[in-house]
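*Asks:* Modelling step: build the complete structure from the supplied sequences, incorporating the hints.
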Amino acid sequence: MTGTAERRPVLVDEAAAVEGVADGMTIAIGGFINAAHPMALVRQIVRSGARDLTVVGSASSGLEIDMLIAAGCVNTLVSTYVGAEGLAPIGPAFRKAAQDGEIDLFELDEAHFYAGLRAAAQRLPFNPWRAGLGTSYPDLNPRLKTFHDPIDGSLLIAVPSIDIDIAFLHAAISDAYGNVQHEGTGFGDRAIHAAADRTVAQVEQIVSNERIRQNPAATSIPGADAVVRVPYGAHPFASHGYYPADKEHILEYVDAATDWLKTGSRTRLDEYLDCYVREPVDNVEYIERVGLRQVLALTEYS
Amino acid sequence: MTATATPKEIMATVIANDLRDGEWVEVGANLPVPRAGALLAHLTHGPNMTVMLAMTKAYLHDVPVIEEFAFITDVAATRWAEAYYPHDRLLSEMRFRRRGVFFAGGIQLDRFGNSNLIGIGADPRRLDFRGPGGIGTCNATLQNGRYHLVTTSHSPRVLVERCDYVSAVGYGDGSSDFRENHGLDPQGPASIITPLCVFDFDPDTRCARLRSIHPGVTLEDVREQTGFEIGDDGDVPVTPVPTEEQLELLRTRIDVRGSLR
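Here the protein sequences come in this chain order: A and B. Under our numbering, the residues of the first sequence are numbered 1 to 302, in order. Under our numbering, the residues of the second sequence are numbered 1001 to 1261, in order.
Calculated from the structure, these hints are not laboratory results. Glycine residues also receive a C-beta, built at the ideal position from the N, C-alpha and C atoms. Mixed in with the good hints, there may be bad ones.
Just the calculated beta-carbon pair ranges, DEER-fashion [said to hold, decoys possible]:
(1) 223/A to 1121/B: 41 to 47 Å
(2) 251/A to 1162/B: 32 to 38 Å
(3) 297/A to 1257/B: 21 to 27 Å
(4) 297/A to 1093/B: 45 to 51 Å
(5) 13/A to 1186/B: 54 to 60 Å
(6) 1220/B to 248/A: 44 to 50 Å
(7) 1220/B to 86/A: 30 to 36 Å
(8) 1022/B to 19/A: 53 to 59 Å
*Replies:* As structure tokens, then:
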């Protein structure tokens, strides 16, 4: 006999999606350098006024992390790189905050990053790794500890688990029940999800449960705790299968943040953050401010 | 008449001549010289090489013009992909990297082959210059069978006596058992490739030593632009320039937009 209880959809709006973020939490932001960051949610986190966050970037992060630093949300950063490749080899706000001692850096290599996420996913205190011995990483990051392998005695590094309270991801589609499918590989999003207590995904489209079941092997996040429909939500970064990175807009941010780095004046940076991050009530208003013509002109195969 | 190769084209040729068919090589999006070198080897003598392009496994031997990508996440790279790796998988599967060759850069490279992408300055909490971060170079330089340090800026600020911080370890402090004492294979970097010359490492002292100087460059030029002492090796050979075929491939199929020129 079937009960009367009904399956609960997990669709929420942008504001509700970040309600769980509290000062001092550890949050993760998925994607990779110039692609697939959950920017609508990143901007919403800034608007929420969250402070003292430990932010786990993607293995190599883009300017979404730079923006969170610029907005004063970050206490500690776990990432191997912050930048936009040729558009900004080093994130300007990251560079300024690091040089001024304003943020703590959990220094590590991409391989350590995944070893730490794997430990969290496996509910282990650490995962071992060999690379890093003889480098400055264990000196700069005392949480990376060297030890002797009990099996063969060789020297190894213990990478502590990177436990995440909430992971924020961007993907292509989801059904209303949080069955998320990426277009492309999803970079390291699966590993971030597996290390997190809760996962919130923004997607380009909400699709039917039947469509998800047509290709269940493509479900990369089987059961996000909340999903948000945000078309163009990764802008100015790429969303595979939808749009490439908006280089022009990324450079607009880079110029504003570089002005802070070079002059110490926040005027231009705050103008950017006010216009594109703090004032828009949601992603639609953000996109309107960037300009519909500029955004809709973005095409992967031009 | 043969056109004259630029220093970066000579660097790419040094890289190509070192690579062997069947090797696994990762081509980063933002390192035009190693990218060109790897592709040159693939087109001339490496049909069985595994070329990793923007996280894809690509077969490019028959591609007429191999366009460049601005970003490692560029979806256009998938048009040649035979496989597309999730990033965490790329960082977990280390066993096959024994046949891999890797190229690393740095804001500092030192005489013992250590490299630094972390920063410059005495106090790590107050760096004079915060670098981009080591990305995956710490791991990739250890896991791959062979690696080279590459810089397009040969200056005393880049080629230093000792790095302020080490993100990818070479021969450490140069002591004979440094790598073994740190649980590492004895083999550090194979060479440092610059726009002026190629260094390899003396097996006895583990110091960088001149292997060849590019045409038109003098030993004095190299000495002036290098922040560590260069021994007096007497006759240093001239770096081989690209053959006509290599230069044509570079200019017509690999580097059409001329980033090496």
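*Asks:* For a quick check of understanding: which of the numbered hints are violated here, in increasing order?
*Replies:* Per hint list: single violation, 4.
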